[in-house]
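We have chain A; now place chain B onto it with these hints.
Protein chains: 2
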Amino acid sequence: MSFRAPVADILFSLRHVAGAGEAMAAGRLGDLDDDTLTQVVGEAGRFATDLIAPLNRIGDQQGAKLENGRVFMPKGFGEVYKQWAEAGWGGVTAPAEVGGMALPHVVDVACTEFWAGASMAFSLCPVLSEGAVRALLLTGSDALKATYLKKLVSGEWTGTMNLTEPQAGSDLSAIRTRAEPEGDGTYRIKGQKIFITYGEHDMAENILHLVLARLPNAPEGVKGISLFLAPKFLVDANGKLGARNDLRCVGLEHKLGIHASPTCVMAYGENEGATAWLVGEENRGLAAMFIMMNSARLATGLQGVGVAERATQQALAFAKERKQGRSAKSGTASAPILDHADVQRMLLTMRALTHAARGICHLTAMALDEAHGGADATARAQGADRAALLTPLAKAFSSDVGDEVASLGVQVHGGMGYIEETGAAQHMRDARIVAIYEGTNGIQAIDLVTRKLPLAGGETVKREIAMMRAVAAEVAAAAAPAFGPAASRLSAAIDALERASHYLAKAPQNDALAGATAYLRLFSLTLGGTCLAKAGLAGLKQGDPARAALARFFCEKLLAVAPGLADSIEAGGDSLTPYESILAQAS
Amino acid sequence: MSFRAPVADILFSLRHVAGAGEAMAAGRLGDLDDDTLTQVVGEAGRFATDLIAPLNRIGDQQGAKLENGRVFMPKGFGEVYKQWAEAGWGGVTAPAEVGGMALPHVVDVACTEFWAGASMAFSLCPVLSEGAVRALLLTGSDALKATYLKKLVSGEWTGTMNLTEPQAGSDLSAIRTRAEPEGDGTYRIKGQKIFITYGEHDMAENILHLVLARLPNAPEGVKGISLFLAPKFLVDANGKLGARNDLRCVGLEHKLGIHASPTCVMAYGENEGATAWLVGEENRGLAAMFIMMNSARLATGLQGVGVAERATQQALAFAKERKQGRSAKSGTASAPILDHADVQRMLLTMRALTHAARGICHLTAMALDEAHGGADATARAQGADRAALLTPLAKAFSSDVGDEVASLGVQVHGGMGYIEETGAAQHMRDARIVAIYEGTNGIQAIDLVTRKLPLAGGETVKREIAMMRAVAAEVAAAAAPAFGPAASRLSAAIDALERASHYLAKAPQNDALAGATAYLRLFSLTLGGTCLAKAGLAGLKQGDPARAALARFFCEKLLAVAPGLADSIEAGGDSLTPYESILAQAS
Chain A
281 MSFRAPVADI
291 LFSLRHVAGA
301 GEAMAAGRLG
311 DLDDDTLTQV
321 VGEAGRFATD
331 LIAPLNRIGD
341 QQGAKLENGR
351 VFMPKGFGEV
361 YKQWAEAGWG
371 GVTAPAEVGG
381 MALPHVVDVA
391 CTEFWAGASM
401 AFSLCPVLSE
411 GAVRALLLTG
421 SDALKATYLK
431 KLVSGEWTGT
441 MNLTEPQAGS
451 DLSAIRTRAE
461 PEGDGTYRIK
471 GQKIFITYGE
481 HDMAENILHL
491 VLARLPNAPE
501 GVKGISLFLA
511 PKFLVDANGK
521 LGARNDLRCV
531 GLEHKLGIHA
541 SPTCVMAYGE
551 NEGATAWLVG
561 EENRGLAAMF
571 IMMNSARLAT
581 GLQGVGVAER
591 ATQQALAFAK
601 ERKQGRSAKS
611 GTASAPILDH
621 ADVQRMLLTM
631 RALTHAARGI
641 CHLTAMALDE
651 AHGGADATAR
661 AQGADRAALL
671 TPLAKAFSSD
681 VGDEVASLGV
691 QVHGGMGYIE
701 ETGAAQHMRD
711 ARIVAIYEGT
721 NGIQAIDLVT
731 RKLPLAGGET
741 VKREIAMMRA
751 VAAEVAAAAA
761 PAFGPAASRL
771 SAAIDALERA
781 SHYLAKAPQN
791 DALAGATAYL
801 RLFSLTLGGT
811 CLAKAGLAGL
821 KQGDPARAAL
831 ARFFCEKLLA
841 VAPGLADSIE
851 AGGDSLTPYE
861 SILAQAS
Chain B
281 MSFRAPVADI
291 LFSLRHVAGA
301 GEAMAAGRLG
311 DLDDDTLTQV
321 VGEAGRFATD
331 LIAPLNRIGD
341 QQGAKLENGR
351 VFMPKGFGEV
361 YKQWAEAGWG
371 GVTAPAEVGG
381 MALPHVVDVA
391 CTEFWAGASM
401 AFSLCPVLSE
411 GAVRALLLTG
421 SDALKATYLK
431 KLVSGEWTGT
441 MNLTEPQAGS
451 DLSAIRTRAE
461 PEGDGTYRIK
471 GQKIFITYGE
481 HDMAENILHL
491 VLARLPNAPE
501 GVKGISLFLA
511 PKFLVDANGK
521 LGARNDLRCV
531 GLEHKLGIHA
541 SPTCVMAYGE
551 NEGATAWLVG
561 EENRGLAAMF
571 IMMNSARLAT
581 GLQGVGVAER
591 ATQQALAFAK
601 ERKQGRSAKS
611 GTASAPILDH
621 ADVQRMLLTM
631 RALTHAARGI
641 CHLTAMALDE
651 AHGGADATAR
661 AQGADRAALL
671 TPLAKAFSSD
681 VGDEVASLGV
691 QVHGGMGYIE
701 ETGAAQHMRD
711 ARIVAIYEGT
721 NGIQAIDLVT
731 RKLPLAGGET
741 VKREIAMMRA
751 VAAEVAAAAA
761 PAFGPAASRL
771 SAAIDALERA
781 SHYLAKAPQN
791 DALAGATAYL
801 RLFSLTLGGT
811 CLAKAGLAGL
821 KQGDPARAAL
831 ARFFCEKLLA
841 VAPGLADSIE
851 AGGDSLTPYE
861 SILAQAS
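Chains A and B, in that order, give the protein sequences. Here this note's numbering = 1-based position in the first sequence + 280. Here this note's numbering = 1-based position in the second sequence + 280.
The shape of chain A in the complex, shown without the other chains:
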């Protein structure tokens, strides 16, 4: 059940799939050079492998525990978190002036995947803190930044996002938590929040809660929501911790997975009200929260990739060791199950899906970096649009891949996979939340079709498709045996994607929404195949045909459904219309 951070694979993908090599050479990733990239990613990988990965199993078994309002983390979590913070990993992307390393997103995605692959439950704490850093940096007042940013970046304090209430999940317009101004620049918050990740824990001395709430007389709906910062302990002018704020964890959820991640019910203002400060402008809280959400969406995608990677490593190790049945290959009576074609199929599928999802996440990170470091305004605008387009794919496809790969991992283990001690089932349980939180995958698909497809008058999608066509043409031109018929399969998928994109761009809303999830899948599979093809081309240049062979497997075996997905999209929404009478027919 050990896990080794896939340092070499990630570096390869960053350099050759995301194009970080070229971008560094052109100075579009700031000061980043290949030596620094290699060193930082290597160090992060070692930390994840050596220190975080051993926490994964014990975290699942012990879970976080609530006693008298205090949450106790599983054995070892606090110590490793302290080392993680001391090593500076809380500040990968943060600016130097608040103690960060000011590294680009392409480095951050590597780190984020490592933490998640090593222990998804552990990794959620950093993800939330990083979101809080971003929100404060972009919308916080100078005073708030001065008081809180360095401590967040150093990891001495951690952050949370408080959105959900029992009646307000995907629909934040229903939020009821209230904030009353005190007249001294502070506010008093009263209300209950649920599903608050790391809302309480014992790994850091303070916790900064970013809380969505309504001011008195705020407009109804999402235009009346403001963002506040409420620290667990109030902080004095010298940065010293003072009184305990009027907020506490009143419950921990009993979840399917990520047992070590405390999912808290938080009560704000059971007495005088929790003291809080406004972050950004009044009634503009949702915009600020979306800054955190967008960064978190890429991070959640990487959780899917991380767990998929770990599940694959474990299944592969098992398949090499477990002996059952006669080998068609060697003729041995008791051969490793990896000798069986169907087991090979499962493991190649796991590997291919994982690399495809990783590639999409890396493209997204590169687009975010281009949005800041692109050569000119046009390049930066296109980078921002591309990041916006790819974020729902990175989130939803990668989380689906996490589920699919973890489930295949259980299957490879046979009966042993169903036994909790084996550890394969934990990956499946852990991964299952990723398709749900930070905007369900259904919401990602709607976002893709209704907001991202029309970006820049459709030009953003067109550019992505043109990029894919160029890669397919390169694969065709390479005419390498290792690619087999990959080029024509990839081209057929791109055709299907283009056809579905045209259809959806003009379709009435009902038809477009009915095909949204299939479109997200079609887009992701095609883009994922393109990522694998790019890796294959780069591999061939280095004399290694294995990555081209993986691209071939993906294109022949997994991408073949692309035209069918386009057909199902073009069928529109009529078949959903009689849903009431169909569903009424039960039992």
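Hints are computed from structural coordinates only; laboratory data are not their basis. Heads up, some of the hints might be wrong.
[Said to hold, decoys possible] Output of the computed footprint for chain A on chain B, the stretches with three or more beta carbons under 8 Å from beta carbons of chain A:
1. 521-529
2. 613-627
3. 699-705
4. 709-717
[Said to hold, decoys possible] In silico EDC-like pairs for lysine to aspartate or glutamate, Cα to Cα no more than 16 Å straight-line:
5. 609(A) with 791(B)
6. 609(A) with 854(B)
7. 603(A) with 445(B)
8. 609(B) with 561(A)
Built from N, CA and C at the ideal position, the CB exists for glycine as well.
Using the frame of chain A, we list chain B on its own:
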């Protein structure tokens, strides 16, 4: 979280999809008439709804507990089991002379699905007992039958299947458990068996273990395995329980799901050896065990269907109640999530997959009945072949459907789905074993391609395809608006299936095995679509277009990938060949 046995849907499927109506009219189902069918299925449904279903949650929470070699079942299991046995449900298919109802398989599948949907963990005990009844009926000596059969059929005693050992899972040739003849007609068994479902429990006064073991000097491999019966308590000539046999449960597995089903490590012969009797002929144990396995394979498929049905009911109830977001339909600011197209898509997918899998299981049951009650020898032989062909589909597709539908059920619940108290996650955990046990789904796919596809020189598959074409033609001829373009979509899928079947029939082994899983999926989707189309046609005749509309949804949205699956199969196995170098490239 309540469950209502889908009596009306199952009766409809049996009558119109499996064709039980016609078969009863023609006397091919023995004495069964529609009144009896309706009555028995209705009674079973009521028992499942009222008595078994309430056990599901508490069974998951409490689980089975091992203390000093005794297994204690969760609260209520023993009482309900007793009532279940007293009502005669242990003898649905057993002959009248041993106390059974002698009803055909089409009735049995309804009951089996009800028990599984109500509580999968509870339902496994009856499945194992039924398998033991079949094995004894077909291969047991008269003395064994006289001693044990009535008690098994009455449910006073229960049965188990003891195949697996730590080194012998899918590969039974590696079994090491020994049986020594005592010279008095009995044998002494020594060895350890794992994964023994209901190997020990407190619901019945005796447990009959069917155990695979090797006789001294038996040939190596599967041709040296014999089947034995070892009761927990020895039985005297008057049928009274005597001494405790030398066998015991030494451990319970800690599993992902079905917590109430005791999965035992069984130790045989820790002292003098467990006293046992030979069942059937020496060294022919595997054949006898396969009788149990085949019956169990259909039953496992029904577990997938049952859990899928329950997950769908729960998700639908939630989607009608949970309010989030503005409705595109009504314009209401806070509308039930069922108003959203993507939630409709998920629920229609759940319903469609469940009905498709159920249809395939019902066709399988009907084929088993035709094998016994067919009009002539040809019809009976064709029935047997058809049952053999459909059994791997019934097992593997239905279990995959169980996983997919239960996971969609979690997704419909959003964040609540990840919280154990909601109960949606339990369905996902419970269902996950079905794709693994009774022959993994990979093994089912290999069985389909290597043994079932060539049945009767390929005629069995050809007949199935011809049946599908006839249904597609009927749909086309009906030209009903509710079907939309279902006929052409179904025809395209049948074309794809035919093309893939031709390819695989002639393909070298490596290519055939590489496509086995995709072929099983393609076959099942196409046959499942045919089942829904048959239901749609029957519904239209009764003036109800809803089932035709469900068939349309399935054909447009889920069956569209069929040609792509055929393409992936026809791509052969070359892309798997370099698996070692591809998989070696990790990290």
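>> Please verify whether residue 603(A) and residue 445(B) have alpha carbons no more than 16 Å apart.
In response: 13 Å, holds
> Would the pair residue 609(A) and residue 791(B) pass a check requiring their Cα atoms to be no farther apart than 16 Å?
Replying inline: Cα-Cα ~13 Å, so holds.
> Can the restraint linking residue 609(B) and residue 561(A) be considered satisfied, given a maximum Cα separation of 16 Å?
Replying inline: 34 Å, violated
> the stretch 521-529 of chain B covered by chain A? Criterion: 3 or more residues, Cβ-Cβ distance below 8 Å.
Replying inline: violated (count 0)
> Is residue 609(A) close enough to residue 854(B), meaning Cα to Cα at most 16 Å?
Replying inline: Measuring from Cα to Cα gives roughly 14 Å; hence the hint holds.
>> Closer than 8 Å Cβ to Cβ for three or more residues is the test here. Does the stretch 699-705 of chain B pass it with chain A?
In response: holds (count 4)
> Within the stretch 613-627 of chain B, is the number of residues with a Cβ closer than 8 Å to a Cβ of chain A three or more?
Replying inline: Coverage by chain A holds here, the residue count being 11 at a Cβ distance below 8 Å.
> Counting residues of the stretch 709-717 of chain B whose CB is closer than 8 Å to a CB in chain A, do you get three or more?
Replying inline: Coverage by chain A holds for the stretch 709-717 of chain B (6 residues, Cβ < 8 Å).
Hint compliance for this structure: hints 1 and 8 are broken, all remaining hints hold.
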